[in-house]
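Just so you know, the protein sequences line up as chains A and B, in that order.
Counting along the first sequence from 1, when you hit position 159 you're at 159 in our numbering, and nothing is skipped either side.
Counting along the second sequence from 1, when you hit position 115 you're at 115 in our numbering, and nothing is skipped either side.
Hints are computed from structural coordinates only; laboratory data are not their basis.
Yeah, the Cβ is synthetic: ideal placement off N, Cα and C, and Gly gets one too.
Heads up, some of the hints might be wrong.
[Claimed, not checked] Covered stretches of chain B (in silico footprint by chain A; criterion: 3 or more residues with CB under 8 Å from a CB of chain A, positions within the stretch not fixed):
1. 33-43
2. 73-85
3. 149-160
Letter by letter, the chains look like this.
2 protein chains.
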Amino acid sequence: MKRFEHVRHRAPLPLPQPRPLILAVSPMRSGVNLSRLVRLAGCAGITRMLYNGPQRIDAKIARDAIDVVRVDRRRSLAPPIQELRDQGYRCVGLEQTTNSTCLYEYRYERRTVLLIGSEREGLTDKLLRLVDDTVEIPVYGQPASYNVVTATAMAVYEYCRQFPAG
Amino acid sequence: MKRFEHVRHRAPLPLPQPRPLILAVSPMRSGVNLSRLVRLAGCAGITRMLYNGPQRIDAKIARDAIDVVRVDRRRSLAPPIQELRDQGYRCVGLEQTTNSTCLYEYRYERRTVLLIGSEREGLTDKLLRLVDDTVEIPVYGQPASYNVVTATAMAVYEYCRQFPAG
Numbered sequence: 001m002k003r004f005e006h007v008r009h010r011a012p013l014p015l016p017q018p019r020p021l022i023l024a025v026s027p028m029r030s031g032v033n034l035s036r037l038v039r040l041a042g043c044a045g046i047t048r049m050l051y052n053g054p055q056r057i058d059a060k061i062a063r064d065a066i067d068v069v070r071v072d073r074r075r076s077l078a079p080p081i082q083e084l085r086d087q088g089y090r091c092v093g094l095e096q097t098t099n100s101t102c103l104y105e106y107r108y109e110r111r112t113v114l115l116i117g118s119e120r121e122g123l124t125d126k127l128l129r130l131v132d133d134t135v136e137i138p139v140y141g142q143p144a145s146y147n148v149v150t151a152t153a154m155a156v157y158e159y160c161r162q163f164p165a166g
Numbered sequence: 001m002k003r004f005e006h007v008r009h010r011a012p013l014p015l016p017q018p019r020p021l022i023l024a025v026s027p028m029r030s031g032v033n034l035s036r037l038v039r040l041a042g043c044a045g046i047t048r049m050l051y052n053g054p055q056r057i058d059a060k061i062a063r064d065a066i067d068v069v070r071v072d073r074r075r076s077l078a079p080p081i082q083e084l085r086d087q088g089y090r091c092v093g094l095e096q097t098t099n100s101t102c103l104y105e106y107r108y109e110r111r112t113v114l115l116i117g118s119e120r121e122g123l124t125d126k127l128l129r130l131v132d133d134t135v136e137i138p139v140y141g142q143p144a145s146y147n148v149v150t151a152t153a154m155a156v157y158e159y160c161r162q163f164p165a166g
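Chain A extracted, bound-state conformation (with noise of 0.2 Å):
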């Protein structure tokens, strides 16, 4: 008997409801980027993303996520972040800054809104205004930033964890 059996298929686990984290994203060069990112948002049972830039979603890169995560689309992300924030979200930026809290060491509130910066400028000032926290993730080598798809990929893992059941 073969001790572990690969499982194709396996259903995603239900979320009560949907989480509250939102995925408010910096324009992308690549659409690539943003269709990865929204895959990684269905994955981990996120309805709902802010972006602002022309890159349309591909298909065959988000797959069945198209029809699960709501893509808000604006000319600025100011504006919704900081609605958001009055709601009672709390916004998240995920940045190299000064004051930035480690990854490891962060306690997610539920209801968060996740800024991401674009690939190469990262978050803007205007944006670092706007955000509560940063967080930021260790990096250990070359070279010395992680892919943002990867860096968002570690930061919903890690509020995932903390939120497993949602």
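Fit chain B to the known structure of chain A by using the hints.
Quick look at chain B alone, frame taken from chain A:
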């Protein structure tokens, strides 16, 4: 005064020794995914990968990791994994299987070979017979599985969280 100021080009954290975490990667359909795994490894302080496919590593994607991560190409992953196990490494398969452990609960051994399956087929039965444990990342929505690089990023993050100093 700004509360959070972007720190550009923060130097990686030095590790007192190379991480005793080795990525063993099944044939990828895509050289892009392989190259992204190399970048992930470089950033995480991983210095060694095993790979048994023909794809080339794209330096535009892997960036400087191409110089710091040694990628050993093998015709089969089984013999080097068995050698590493004989040396005391624990072999952990990242796969949805029977008897898997949720990554949230899993306690890594420091000396670990993290075994990654192909994009579509995952880990073969042959490789699953070699692993000591399998870990699985909960999925909460569609599509029902994470992209291979995304899942690997989460598993590597969890390792680094448990061994922040290497």
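Against the structure, the hints come out as follows:
no.: 1; hint: 33-43; verdict: holds (count 5)
no.: 2; hint: 73-85; verdict: violated (count 0)
no.: 3; hint: 149-160; verdict: holds (count 7)
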